[in-house]
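Spelled out from the first residue to the last, the chains are:
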Amino acid sequence: LLHQEEDQRFCTVCYLRIRAKPGEGLALTTSCGGHPLPLVLRGDGTVSSVGEPGTLLGVFPDPVLRDQDYGLAPGDSLLMYTDGITDERGADGTEFGEDRVRQALTSCSGLDADAIADRIVASVQGYHSGPPRDDIAVLVIRAKP
Amino acid sequence: VNGLEITHAEVGGATVLRLAGDFDIAGESEVRVALDRAQSTRPEILVIDLAKVDFMDSTGLRVILGADARARRDGNRLVLVRGPEHVHRVFLVALLDRRLEIVDDLREVTAPKEDSR
Chain A
30 LLHQEEDQRF CTVCYLRIRA KPGEGLALTT SCGGHPLPLV LRGDGTVSSV
80 GEPGTLLGVF PDPVLRDQDY GLAPGDSLLM YTDGITDERG ADGTEFGEDR
130 VRQALTSCSG LDADAIADRI VASVQGYHSG PPRDDIAVLV IRAKP
Chain B
-5 VNGLEITHAE VGGATVLRLA GDFDIAGESE VRVALDRAQS TRPEILVIDL
45 AKVDFMDSTG LRVILGADAR ARRDGNRLVL VRGPEHVHRV FLVALLDRRL
95 EIVDDLREVT APKEDSR
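In the order they appear, the protein sequences are chains A and B. Start counting the first sequence at 30; every next residue gets the next number (this note's numbering). Start counting the second sequence at -5; every next residue gets the next number (this note's numbering).
Calculated from the structure, these hints are not laboratory results. No experiment lies behind these values; they were computed from the predicted model shown. Any given hint might turn out to be false.
Said to hold, decoys possible - Each pair of labels, with its calculated beta carbon distance range: (1) A:Lys173 / B:Asn70: 55 to 63 Å; (2) A:Lys50 / B:Arg31: 34 to 42 Å; (3) A:Cys40 / B:Arg92: 15 to 23 Å.
Said to hold, decoys possible - Covered by chain B, according to a simulated footprint, are these stretches of chain A (three or more residues, beta-carbon under 8 Å): (4) 74 to 85; (5) 110 to 118.
Yeah, the Cβ is synthetic: ideal placement off N, Cα and C, and Gly gets one too.
So here's chain A without its partners, still in its complex pose:
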């Protein structure tokens, strides 16, 4: 073993607990371990992150993980995504970044979950010519309007 490499494998996690409140939307609890925080698109078109940053898992024996409770009103949507989205780079090398994810989500008012996911992926693919550098995953949950 010439180089005695440390192999610091880790994973990032975003955990969601969802409880349906018939007629009132969804009650959620989120905990993130090193994963980008989910974004919420409200019915009025505003976008904000939910949850608190936590330590990535697999490296430190005592990660900091915090739960946050919040709600999705009918018609609100939640977006989870991987760093393949934010790390994608444009022609000049600039990263797609969280700000562009927020902008793309802002433009999704009124769309259903499938259409939101498609639009987010399309905006990243439009930002970068050629195949993605990293794998990309998005998950959208919408409280029934």
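Dock chain B against chain A, hints included.
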């Protein structure tokens, strides 16, 4: 999209590796080799200077965590000089600003400690 340039220096009692360019999978093995060489002498203070890094992803993070684990095992310090905002964000998202020693400026590590007289 740039390559990665690595320079090695001894500054004020610290071994300093300066990275410039993209710190991702393309530069991974080069950085590992440079770190391995630097850490084989068990420097009391090893600084990885990220100030000139244009891009860093989870591959870069893993390399840094490996160097940090090795430094801890040897009883030495690994110090990072913070990169530009979008690079530093990689550490903030993973809450690693609380686990790693990150400074704004190399001089915070290498400046001789003097009386304030």
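These are the hints, each one checked on the structure:
no., hint, result
1, A:Lys173 / B:Asn70: 55 to 63 Å, "56 Å, holds"
2, A:Lys50 / B:Arg31: 34 to 42 Å, "59 Å, violated"
3, A:Cys40 / B:Arg92: 15 to 23 Å, "19 Å, holds"
4, 74 to 85, "holds (count 4)"
5, 110 to 118, "holds (count 3)"
This entry does not satisfy hint 2, going by the numbered hints stated previously; all others are met.
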